Amino acid sequence: MLNLTKNIERIIIRNIEKQYIASYFSAPNEQNDDFKALNLKTNKSQFGPRRPLRKVKPVETRTSQMEVDQDWGSVWPAPRSFHPAVVPLPIRQGYVEKGAPPDKYANAELMKIPNFLHLTPPVIKRQCEALKKFCTPWPKNLNNQEKIEKLFPIEVISSDYCHSSPTIRDPLARIVTIRFKKSALNLNERETDKFRRLVGERYNEENDTVTIVTDRCPLKKQNYDYAMYLLTALYHESKNVEPWEELKNEADMEKYVWENNASKVNVERLFNKTSSEIPNISVYSEALVNYMNEGENDYTVAKYGEAVKQLLNLPSSTK
Amino acid sequence: MNISSIILRRHNHIKNTKLVGRLFYTAVEEKIEIPKRIPRGPTDILRALESTLQRDPTAAHYKYHDDPYLMPKSNTSKRTYAMAEESGRKAAHWVRSENPELFNHKECDPAIDLFFPKQVYDENSEVTEKDLKDVIGKNQVSDAIVINKILTTKGIEVSPETKQSLLELLCYNNSEDTLDEEYIEERWFKQSSRLRERQRKTWKDGNIAEEIFISIDNPTADAYSAIIQGMAKYFQVDRANQLYEEALQKGFVLNADAYNSLIRVANFFKEGYDLRWAYINNILLSMNQAEVKPNLRTLNALLWALSTMGNSKNIKDLTLKTLRQFKDLGIEPCLGSWYYVLITFCKERGPKSNILGNILTQIEGKEFSIQDLADTNFFVTAMDVAKNHLNNIVLGKRVHNLLLKGNNYNLIGDSYKESVYYRHYFGLVLMNTSIDEFMEQFYYKMVPNIYVPEPAVMEDVLKQVEALGATEYLPKLWSDIVIFDQNLREKLINIVLNIMVDNPAKESSELAERFFNIAWDIYTTISEQNLEKINRLSFTGDMLGSIMTVILRYGDFEKACTIMNDLSKSHTTILGVPKFDALSLFVDHCIKNKSPTRAIVCIQYAADSGFPEAVSLGAKLNQHLTLDEIHLNKLSNIIDLKLQ
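Protein chains in written order, with the UniProt record's numbering: chain A, 1 to 319; chain B, 1 to 644.
Same shape as in the complex, but just chain A:
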């Protein structure tokens, strides 16, 4: 409908145009979609006389008014990118083939790098003083790392985000991480084995720590609850013995254990004694376990040889 009226308008205007084509030519053209007349011969009279360019005087920067003992924390109160007119330091940054590095004015290098001009030591000190009133004292009895680990075995880590945008939500805030020592669970060998199979790569052998990160729920609270659920489930599942677990035989063992193996029976048969009565048996079994678990290398093989000789009372090759 609107288009139609526009078209009608245009037709009317075209008619008028035909009548007054000469005068219309220079009239202000209100229709946006009409072409402008192509002017091949540039008519210089179209442009007015050129105005002389006004020279802009270079202005004094704030740095020139700054006093030496000014309060820098108030000048640069929050993180911001570098501004040469505010920082009263003759900083240079960047690289040129020959000559000194470029100075601070219009220096993109300085603007790119993060600066810590808002966190000078006196500022940190006085901000800490201001924040002290929100802090509670550290519990007196909780004075060493051992106690902390013993009494508070689980560490929960989550983050809050603060930025200028219409929304106060941040998807990253939902992520919850919990961390604890495996030893705090007091599991026996079988349970430990099952627990390690369940947590997989979340267990760090070096420092005996289990780390569980939950981020599948939309809210922090939900993720926290889920992490706690996982911890509980892991613990009880490790304690639980399924009927099929009893069926585990020698081939399923993840480690070679001498006591359970044919080697023990053979040695006992050879000496016709129980293994505990055989002299030097512990050396032999240790060497064999090492050989089986660590794999075959010069060291384990040599060690094994030595142990066999000791066991059978043969003269040692090194002697």
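The set of hints was computed from the structure by calculation and includes no laboratory data. Just so we're clear, the structure is a prediction, and the values are computed from it rather than from any experiment. Among the hints, a few may not be true.
Unchecked claim - Cβ pair distances, simulated, as ranges: (1) A:Leu119 / B:Gln199: 49 to 57 Å; (2) A:Glu60 / B:Tyr62: 18 to 26 Å; (3) A:Glu242 / B:Asn104: 49 to 57 Å; (4) A:Asn207 / B:Pro110: 25 to 33 Å; (5) B:Pro110 / A:Trp244: 48 to 56 Å; (6) A:Ile124 / B:Gln199: 51 to 59 Å.
Idealized CB from N, CA, C, for every residue including glycine.
Dock chain B against chain A, hints included.
Same frame as chain A, now just chain B:
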């Protein structure tokens, strides 16, 4: 794609805090007591950090860009820049209201109503009482009127409470929309307060508020209170009084604010002070009978009425008595009350009163929030009293300290009041301290970011510099005058030139060069003014003479010659003549530079201007230089050279 970009962006944001807590506290051997978390609001930490900051005197207000080219340096540019930003904001609002369908994306969470396009109501909108309540809550007067109209045409009944709140809204705003709260800058720069002080009837007779009041069958006491307050606020005093009588007859108990509003307009009913006081007492008596408890606004209304009742001792006693009685009632006066006390006690033609000191001892060190519109008048009036009434710098400093305490600066009012305040403060300090202290402690710290001196204040500063001969501050002051666009004010230029002429700088010192620069700067700015400019500043003879003197002292003979040329060429158009000393100095320099032609031009000018001493100039020239025939002829044509 979209989400990943958002997440990427988020990653760049600052990670604010890391919460690390350990759980599963198991008491084994010893009891470990974990202290309770100290409760805090969502912004308490930010406020605590903010409290460590001070005002940076080199920075402009944070609404401006921190860039040397974009920092406003004069009052006009301050206003222009801020209003430009505001107009951008308005343009954005306009675009949004023109194309509301484009702005339906809801990024914000929790939802911010102001970000969404405004609901538009017309005759066909489906509205309910809830909509009416909403718009009343948001102070949208015209929308409330439209919705009310639709509801009545459709015959939807509105609960009496909503009707009452609608009536209150309309009465408070005189059935007009107010300026949007978002336009802070417009409010700051608008000089509305001065308009508001003019008291005339602005209540629209027969407006919608009245219609609604009539439409209520059996109006309640609250309805009467609302309409009386509205009428009194917009000075429809006769009908307010009439309705008041009506309400009294019906035996209604009005609320305290209705009585307050009637006290405020008492000066419209009764001419004489005694009659007026009797009338006010009457209202107070009926308040007492109705057992309405007076409040802070009652106190302010009373003090305001008292402040309009002249200068007699009796009124001042009454003021103090009122204050004491309200104190007994447990009503602490606010800054607005003290403002009324000040204007009662410190009248222009009245005797001096030291009440400001007493008031300050009462309120010093306290933080205030706004309780009455008149609160914003306190600081400017207090400084006015400190300067013009008492001329007491100690009091002035105490007022200023109170202003800087906590959030008290919010009560400065608007830009106009702020600049009046600083005008008084500057004047007070200037008159009562040494010029060095003034410049170091006040001028350098406040100009131009906190306050830009008006030409009159600048004149006072220059006069002080002139009186004390503190010429070392002149270059700084002149550069400020240039920055503040005051360099075409004749008064300022004359004072600057006088200072430079009367206090010659040591030869070939840095100051001499600066003086020369200032003088030449004055000359070029005046001569390079746009020809089409209205109110052009034109040279006076005296001005040019002074400029020439300063330039000659520095020793730039060529530039002095151009000025001499100007003088002699436009002899008829330039007002006044330079001092004779200037001309004499010029001839001296001509002799020094051995250019008799120019000296003769000067002597010619001196003779034309009617200086009888022109003869002595000619004699001097003749004495020091051997003139040739032509020069001698010319010279003798000008003056009777009878010396040889």
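| field | Violating hint indices (sorted, rising) | value | Number 4 - this is the single hint that the structure violates.
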